[in-house]
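Based on the hints, put chain B in the right spot on chain A.
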Amino acid sequence: MNLFSAILFRDMRLATRAGGSAALALAFFAAVATLVPLGVGSDLHLLARIAGGILWIAAVLAALLSLDRLFQSDFEDGSLDLIALSPLSLESMSFAKIAAHWLTTGLPLTLLSPLLGVLFGLPLQAYGPLMFSLAIGTPAVSAIGAIGASLTLSIRRGGLILPFIVLPLLAPAVIFGSGAVLAALDGLSNGAFWLLGAFSLVAVLLAPFASAAAVRLNLAG
Amino acid sequence: MTAEGKLGVLKSIEAHSLSCIRGGRLVFRDVGFRVEAGRTLSLEGPNGAGKSSLLRMIAGFLAPAAGVLVLQSDGAEISDGEERGHFIGWLGHHDAAKPQLTPRETLRFFADLYGVSGDIDGALVEVGLSRASDLPCQYLSAGQKKRLSLARLKLSNRALWLLDEPLAALDTAGKSLAAQFISSHVASGGIAIVATHEALGIDAARLALA
Numbered sequence: 001m002n003l004f005s006a007i008l009f010r011d012m013r014l015a016t017r018a019g020g021s022a023a024l025a026l027a028f029f030a031a032v033a034t035l036v037p038l039g040v041g042s043d044l045h046l047l048a049r050i051a052g053g054i055l056w057i058a059a060v061l062a063a064l065l066s067l068d069r070l071f072q073s074d075f076e077d078g079s080l081d082l083i084a085l086s087p088l089s090l091e092s093m094s095f096a097k098i099a100a101h102w103l104t105t106g107l108p109l110t111l112l113s114p115l116l117g118v119l120f121g122l123p124l125q126a127y128g129p130l131m132f133s134l135a136i137g138t139p140a141v142s143a144i145g146a147i148g149a150s151l152t153l154s155i156r157r158g159g160l161i162l163p164f165i166v167l168p169l170l171a172p173a174v175i176f177g178s179g180a181v182l183a184a185l186d187g188l189s190n191g192a193f194w195l196l197g198a199f200s201l202v203a204v205l206l207a208p209f210a211s212a213a214a215v216r217l218n219l220a221g
Numbered sequence: 001m002t003a004e005g006k007l008g009v010l011k012s013i014e015a016h017s018l019s020c021i022r023g024g025r026l027v028f029r030d031v032g033f034r035v036e037a038g039r040t041l042s043l044e045g046p047n048g049a050g051k052s053s054l055l056r057m058i059a060g061f062l063a064p065a066a067g068v069l070v071l072q073s074d075g076a077e078i079s080d081g082e083e084r085g086h087f088i089g090w091l092g093h094h095d096a097a098k099p100q101l102t103p104r105e106t107l108r109f110f111a112d113l114y115g116v117s118g119d120i121d122g123a124l125v126e127v128g129l130s131r132a133s134d135l136p137c138q139y140l141s142a143g144q145k146k147r148l149s150l151a152r153l154k155l156s157n158r159a160l161w162l163l164d165e166p167l168a169a170l171d172t173a174g175k176s177l178a179a180q181f182i183s184s185h186v187a188s189g190g191i192a193i194v195a196t197h198e199a200l201g202i203d204a205a206r207l208a209l210a
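As they're listed, the protein sequences go chains A and B.
Each residue of the first sequence is one higher than the one before, starting from 1 at the first, in this note's numbering.
Each residue of the second sequence is one higher than the one before, starting from 1 at the first, in this note's numbering.
Looking at chain A on its own, in the form it has when it is part of the complex (with noise of 0.2 Å):
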């Protein structure tokens, strides 16, 4: 078995164990996507136009939850520097601790969406967009996601400023997701896919670097 799952199919089964974060995330998406239409009321064309919205707000906000312990409980127990000892680089570990995140969380809150969906009286044509965008988006919240956690891997209570880091980065990827749902209620053409994309896709691919990085500035701290 090599290295990199070494670590994926670590980080998946600590996620999934009791008291591990996917549960949570889960039950925490589906808890704020069942109380929006309780508060906002029973207009199902609002709920509808304010679903994709409030679902991808949602999914990130549960990523979050899951997201401050990425590196910290690793780097509290020591493990972090016996992992940085090993032949596998620290950009590799990262990468595959994002894999593992979004394998956990991502994934599921992807498979749930079309369910919490009903809730929203969204139309059939929606689905497909909703799950899409989740399923391409929620790559880049697992990613950036964990270039905030290593960067505050040290810090008490660091899952407290991990939101002020994440979330602004974040803001594309909820702008794109639940654009490209409106978009497909009002049955227009979805250039916000591609967007999404692509900024899913840089993100995965430069968020290693970063983490590995700060994850080498806090074993020296």
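Treat each hint with caution, since some may be false.
Stated by the list, open to error - Okay, the calculated beta carbon distance ranges per label pair:
id, chain 1, residue 1, chain 2, residue 2, range
1, B, V68, A, L61, 41 to 51 Å
2, A, S89, B, L26, 30 to 40 Å
3, A, L206, B, D203, 31 to 41 Å
4, A, P168, B, A210, 43 to 53 Å
5, A, P87, B, A187, 46 to 56 Å
6, B, S176, A, A27, 34 to 44 Å
7, A, L115, B, A142, 39 to 49 Å
8, B, A142, A, L124, 53 to 63 Å
9, B, D121, A, V40, 55 to 65 Å
10, B, G67, A, P87, 19 to 29 Å
11, B, S176, A, F9, 43 to 53 Å
Said to hold, decoys possible - Below, computed lysine to aspartate or glutamate pairings styled on DMTMM-like, alpha-carbon distance capped at 20 Å:
id, chain 1, residue 1, chain 2, residue 2
12, B, K145, A, E76
13, B, K11, B, E36
14, B, K145, A, D77
15, B, K11, B, D74
16, B, K11, B, E82
17, B, K11, B, E77
What the hints assert, rightly or not - Beyond 12 Å from chain A on every Cβ pair, some chain B residues (computed):
id, residue
18, L26
19, E44
20, L62
21, E77
22, L113
23, S183
24, A208
If you are wondering where the hints come from, they were derived from the structure by calculation, not from laboratory data.
Even glycine gets a Cβ: it sits at the ideal position worked out from N, Cα and C.
What follows is chain B alone, placed relative to chain A:
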């Protein structure tokens, strides 16, 4: 995995006039040592003297404020911190044991990560964890976690062992086990650098940090 980092390749490690500054404070200055393969160096000094900082410096996590660290291996001189990391077996004062994972899973993970195919069951028996091997680590005592760290250190198959308080939390049998691990490691041509407050009970050169 390449041959480097395997036992027998490492010849010596030496340091000249190392200084360490942390948080704007000078921790130590002008520290030098030389350890040949097959030898143990014990770092001594009061709390805050910089023993852990020196170990982190040797591991390549901390860059020295001044001075050089050179590792001699077969025909090569290595002074780059990250390259040096490939020789290092690390036992820090944290246990790196995830509460949700069992000792067996923990060792499996690190063996995979280090690209070594060690005998995990054998290692668990050797450190006396065979009965707790499938119990999540959250139920292990501090001493058992230290034993797990010792098993991991041995499995890592690295030539230069850096140990930070390896005897802490261990019972009498555990302490002699740790000493026996270290002495058999150096006997097979490795190097061990140990920061400790307690007598190891093995033949070691001493470096006192003020």
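Ascending list of hint numbers which this structure does not respect: 3, 5, 6, 11, 20 and 22
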